[in-house]
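Chemist: The residues making up each chain are set out below.
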Amino acid sequence: MTALVPKILARASRAADAFHMRLKKARPALFGPPIRQNMIQLYRHDADFDTIVSIPHHLSFLAPDTNIDITYALRVFDRHGGLVGSCEHQVKHFETLQEPLSKLLGRELDEHGMFVVSCHYSSPSGIDFLGMTSPQFMTIFMPRGERTAPQITHSHLYMDRVPPLKSKYPRRSALLEGDANLTGISYFLMNSSQATTNVDLTLSGPASSLARSVRLKPFGTGRVDMDAVGEGPFELTYELDRAINHRKPIAFRRFASGLITAAHS
Amino acid sequence: MHNFAIGVILVQRRLLVPSLASIGYEPGFAVRTNASLIRVRTFQNGSLTSTFETRPRNLNRFWRSQWARDLPVLANELHTVELEGETNSEFEGELLFRNGQQQNAVLTGLVPLRAPGFKFSPILHQAHYNVLFDQFETSVAFANLAGEGDPPAHPNKLQVEFRNLKADVLVVTEIEIGYNSTYLLPVRGLAQIHGTPVDRGLSLRIRGGSSQFAIFTVFQNHSSGALGIEHSLPPMYFTEAPFNPELRPRFQKAAFGDLRS
Numbered sequence: 001m002t003a004l005v006p007k008i009l010a011r012a013s014r015a016a017d018a019f020h021m022r023l024k025k026a027r028p029a030l031f032g033p034p035i036r037q038n039m040i041q042l043y044r045h046d047a048d049f050d051t052i053v054s055i056p057h058h059l060s061f062l063a064p065d066t067n068i069d070i071t072y073a074l075r076v077f078d079r080h081g082g083l084v085g086s087c088e089h090q091v092k093h094f095e096t097l098q099e100p101l102s103k104l105l106g107r108e109l110d111e112h113g114m115f116v117v118s119c120h121y122s123s124p125s126g127i128d129f130l131g132m133t134s135p136q137f138m139t140i141f142m143p144r145g146e147r148t149a150p151q152i153t154h155s156h157l158y159m160d161r162v163p164p165l166k167s168k169y170p171r172r173s174a175l176l177e178g179d180a181n182l183t184g185i186s187y188f189l190m191n192s193s194q195a196t197t198n199v200d201l202t203l204s205g206p207a208s209s210l211a212r213s214v215r216l217k218p219f220g221t222g223r224v225d226m227d228a229v230g231e232g233p234f235e236l237t238y239e240l241d242r243a244i245n246h247r248k249p250i251a252f253r254r255f256a257s258g259l260i261t262a263a264h265s
Numbered sequence: 001m002h003n004f005a006i007g008v009i010l011v012q013r014r015l016l017v018p019s020l021a022s023i024g025y026e027p028g029f030a031v032r033t034n035a036s037l038i039r040v041r042t043f044q045n046g047s048l049t050s051t052f053e054t055r056p057r058n059l060n061r062f063w064r065s066q067w068a069r070d071l072p073v074l075a076n077e078l079h080t081v082e083l084e085g086e087t088n089s090e091f092e093g094e095l096l097f098r099n100g101q102q103q104n105a106v107l108t109g110l111v112p113l114r115a116p117g118f119k120f121s122p123i124l125h126q127a128h129y130n131v132l133f134d135q136f137e138t139s140v141a142f143a144n145l146a147g148e149g150d151p152p153a154h155p156n157k158l159q160v161e162f163r164n165l166k167a168d169v170l171v172v173t174e175i176e177i178g179y180n181s182t183y184l185l186p187v188r189g190l191a192q193i194h195g196t197p198v199d200r201g202l203s204l205r206i207r208g209g210s211s212q213f214a215i216f217t218v219f220q221n222h223s224s225g226a227l228g229i230e231h232s233l234p235p236m237y238f239t240e241a242p243f244n245p246e247l248r249p250r251f252q253k254a255a256f257g258d259l260r261s
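As given, the protein sequences belong to chains B and S, one line each in that order.
Numbering-wise (my numbering), the first sequence opens with residue 1 and increments by one.
Numbering-wise (my numbering), the second sequence opens with residue 1 and increments by one.
Hint data in this document are derived by calculation from the structure and do not stem from the laboratory.
Do not rely on the hints blindly, as some may be mistaken.
With a cut-off of at most 20 Å between alpha-carbon atoms, the simulated EDC-like pairs for lysine to aspartate or glutamate come out as follows [said to hold, decoys possible]: (1) S:Lys166 <-> B:Asp69; (2) S:Lys166 <-> B:Asp200; (3) B:Lys25 <-> S:Glu246; (4) B:Lys248 <-> S:Glu92; (5) S:Lys253 <-> B:Asp65; (6) B:Lys166 <-> B:Asp200.
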């Protein structure tokens, strides 16, 4: 019964969201274009990586005969969920906005944290056939060292509109880790909701398992470093105490060569 | 009739594993599956050259040197993974790449296997995220599968439009990609061939083709060979139009109407 209430509330939230989008599709001039807003991603601004954000003018590719200005709004949080700052940038037809996140924001970032992207169109006309649209972007983790390659992740998840109630949510990462040169894995977890969320992680290898816990403040980000050496295979399982939207850790693997690679899980 | 209906609903799917041999990487894959059989096919120069079968275990991780050990490596080869009996239509596979110093992985979905004669829709790839500093190269890796029989006779052409980040069109060119193959497009390399300046950044619009594509962006560090990789974002990430039957025709006309067929 206790697990049922969070599920009902989550379903009601999704239904309200869908109704809101239907209103926008029906009357975009009145309610604004139907845009999925508040897409989130991790940034790093530490000894290993800085972060570049690449945002296309997506309407140019989808509806090239239009000419709509897009204003992107970015909000940046520190690892504890505190707002570092916000900014807006206009992108015109077929332009691309690609800059370090700190430059876009005009101030220093925390070592890591979450940033949020939303957008506004200068006009809703001529794009009704696109239905609901989404301001996608790519996040490029630029290495500080000379030997590592830039790492890249896409985004597809959004901030929670309503904080989910407590409900155990177990999950298994689809990434199977392990390499002869692997020395460790850092997992980054983001809290997409305005409620504190706790996560228990277990990395199971052929010989033993490692267990860690992390407490994510509202809009906060956690880093969990795991010693994972060799071929493995290593498998990550974890349990959240709230089913927040963004549930998949981003893995950064460290190798004996000093190289680092990343993947979303 | 019943079998026909099931055949229509249950489209076979394949995990496309591109070759990154030309930049020094061995491909592999990992899956956790309820399939009864894993079948890996290797295509070279568009034709099927080897097939490897194995019974799945709890965790399955395989490398090119295991499934096609005796086959000389070609840069354009493509590997497909069939998970016979897998029932999860949202299944994601993990693509792996290693070079003896590091290992990369990217999770990606399976693509439908189409029957001979299937009319493929053109694809749209927004390659706006290129890293053009001197020490790196950005490549677009196209893995494509037309089918498992003889490749079609007509060419698999895509238009590549280069713009700088301020939207100025720099050059429009065309590439031809062999069916059932891996094709690596080096962004700076192709720009230099056409005398295109890269100092104001590059954004590519790539359209066309007549097969099933899985597209990846690859960053490589020239000095170390280190790699970063991510799958592309097809238009369905940006708009619901491709999967909405009422919206799709207008979207197709708007996005591809100016392309020569």
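Chemist: Which hints from the list above does the structure break, by number from lowest to highest?
Modeler: Of the numbered hints given earlier, the structure breaks just one, which is hint 2.
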